[in-house]
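**Student:** Sequence:
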Amino acid sequence: MKAERSYPRYTVTPKAENAILRGHPWIYAEEITDTEGTVENGGLVDVISRKGRYLGTGMLSEVSKIRVRLLSRNANDRFNEAFWERKLRWAWEYRKTVLQPQDLDCCRIIFGEADAFPGLTVDRFHDLLSVQVLSVGMEVRKDLLLPMLVRILREDGQVIRGVFERNDEALREKEGLAQGKGWYPLPGEMPPESPVTEICENGVRYLVDVDNGQKTGFFLDQKYNRLAVARLAKGRTVLDCFTHTGSFALNAAMGGAAHVTAVDVSESAVAMARANAERNGLSGRMECVCANVFDLLPALEKEPRKYDFIILDPPAFTKSRKTVHNAMTGYKEINYRAMRLLPRGGYLATCSCSHFATEEKFLEMLRAAARDAGVQLRQIEARQQCCDHPILWGVEETNYLKFYLFQIV
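Heads up: the sequence shown begins at 1 in the working numbering, then just goes up one per residue.
Read the hints as simulated data drawn from the structure, not as lab findings.
Don't take every hint at face value.
Within a straight-line C-alpha distance of at most 16 Å, the following computed EDC-like cross-link-like pairs (lysine to aspartate or glutamate) qualify [to be verified]: (1) 319 to 211; (2) 51 to 36; (3) 332 to 359; (4) 174 to 62; (5) 332 to 364; (6) 181 to 198; (7) 215 to 165; (8) 65 to 173; (9) 181 to 155; (10) 142 to 81; (11) 65 to 31; (12) 51 to 77; (13) 51 to 17; (14) 332 to 295; (15) 306 to 287; (16) 181 to 165; (17) 65 to 30; (18) 332 to 360; (19) 96 to 156; (20) 181 to 211; (21) 215 to 169; (22) 319 to 396; (23) 142 to 165; (24) 87 to 77; (25) 319 to 77; (26) 215 to 168; (27) 215 to 193; (28) 51 to 81; (29) 142 to 103; (30) 215 to 189; (31) 15 to 30; (32) 332 to 372; (33) 96 to 155; (34) 15 to 36.
Computed from a predicted structure; not experimentally measured.
Full structure from sequences and hints, please.
**Tutor:** Listed below in structure tokens is the structure:
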């Protein structure tokens with residue numbers, strides 16, 4: 001290794017070495033056995049094995065359990081502006097390759113570790129970028145990265161009005177970072193007057209509020225799963241549970257459903273779904289109801305069957321391994337109830353957005369629910385998150401969305 005590129009050296013355990021060699025970029029504090037040299041919080045360190053083998057270079061986080069997040073395993077990399085610009089261009093070119101051209105107007109441009117930007121998320125909603133910075137290493141580099149990304153997009157002919165930071169996320173506190181949100185000050189530019197923009201996904205138009213919407217403003221990861229639902233919905237009577245802003249319901253209605261009932265426990269979510277239905281001229285075929293799905297599904301069993309397509313898109317029932325068992329109980333309850341409600345020949349779309357609810361556990365739950373409901377499932381499709389949220393093999397956290405389409409037979 002050349003002298004001008006040397007950094008403090010952090011020696012790690014064989015367990016950490018094995019994880020790195022399998023592709024995982026995180027080194028936990030307890031896996032560091034020795035350090036040589038000092039660096040500021042968020043600075044770069046070289047990670048080496050007990051035998052002195054170079055394993056990678058990453059960003060130090062002094063207070064996080066994840067003490068180092070690797071950026072590269074190439075000992076020849078120089079972490080200068082050219083390095084970061086190359087990585088940003090690579091991420092954008094990937095989206096241009098895997099997405100349909102019309103889908104670039106609303107997509108995830110940076111997906112954290114999957115794009116080798118640990119702790120950084122950038123979503124594009126038409127003319128706005130919505131950003132979450134969840135690691136101190138990305139926090140100290142955002143003044144380089146965000147203006148650079150805007151320049152790259154504008155050079156490619158993309159219209160970007162502003163950048164909004166959605167750092168109102170508790171994970172920042174584990175990095176020693178304060179929570180907050182607001183416009184990122186692009187050099188020489190005034191912030192936009194409004195954090196609201198309109199997007200068009202799958203032909204459906206939505207208003208997105210990057211200041212007040214969920215997460216970064218809108219969930220983009222089910223983009224093509226919504227299309228899969230739309231293809232099955234024609235002529236059917238659809239129940240969309242946990243509808244949030246109505247995205248699955250709207251796609252079903254746009255796909256020609258006879259009628260769609262969109263349900264959510266949140267009054268504000270139901271109001272947004274209703275407004276989106278009006279915006280797309282679908283109010284006549286789409287009803288929006290405020291109700292608790294766990295109460296609604298058992299109550300519907302007492303009524304004559306009226307739905308032949310049920311969609312289950314719940315929020316993450318678990319965000320840690322400690323609560324996986326309770327989460328799977330919740331998943332089973334709603335799937336069991338939906339299977340009982342559907343007639344033979346009816347359709348079920350069901351998913352989980354928690355990586356802790358692994359595919360193995362999710363399938364085991366579905367088998368148990370079908371058995372208890374006395375039905376058999378005919379699988380149509382098994383899908384995952386949209387390709388702008390790429391799954392990086394070796395990093396299980398990037399593989400989180402399970403989505404299945406079944407027919408009840």
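**Student:** Under the criterion that the straight-line Cα-Cα distance not exceed 16 Å, is the pair residue 87, residue 77 satisfied?
**Tutor:** Status holds; Cα separation ~12 Å.
**Student:** For the pair we were handed, residue 181 and residue 155, check the Cα-Cα distance against 16 Å.
**Tutor:** Between residue 181 and residue 155 the Cα gap is close to 27 Å, so the pair fails against 16 Å, i.e. violated.
**Student:** Within a Cα-Cα threshold of 16 Å, do residue 319 and residue 211 meet the stated pairing?
**Tutor:** Measuring from Cα to Cα gives roughly 23 Å; hence the hint is violated.
**Student:** Do the alpha carbons of residue 181 and residue 198 lie within 16 Å of each other, as the hint requires?
**Tutor:** violated (20 Å)
**Student:** When you check the alpha-carbon spacing of residue 65 and residue 30, does it fall within 16 Å?
**Tutor:** holds (8 Å)
**Student:** Assess, step by step, whether the Cα of residue 51 is no farther than 16 Å from the Cα of residue 36, and give holds or violated.
**Tutor:** It holds: about 15 Å lies between the C-alpha atoms, which stays within 16 Å.
**Student:** Hey, residue 215 versus residue 168, does the alpha-carbon distance stay inside 16 Å?
**Tutor:** holds (9 Å)
**Student:** Please verify whether residue 174 and residue 62 have alpha carbons no more than 16 Å apart.
**Tutor:** Distance ~10 Å between residue 174 and residue 62 Cα, so the pair holds.
**Student:** Given the proposed pairing of residue 215 with residue 169, does the C-alpha separation stay at or below 16 Å?
**Tutor:** Cα-Cα ~8 Å, so holds.
**Student:** Take the C-alpha atoms of residue 142 and residue 103, compute the straight-line distance between them, and say whether it is at most 16 Å.
**Tutor:** Violated, at about 26 Å.
**Student:** Please verify whether residue 142 and residue 81 have alpha carbons no more than 16 Å apart.
**Tutor:** Since the Cα atoms of residue 142 and residue 81 sit roughly 12 Å apart, the hinted pair holds (cutoff 16 Å).
**Student:** Hint check: residue 332 vs residue 372, CA-CA at most 16 Å. Holds or violated?
**Tutor:** Holds, at roughly 10 Å.
Of the numbered hints listed earlier, those contradicted by the structure are 1, 6, 9, 12, 25, 27, 28, 29, 30 and 34.
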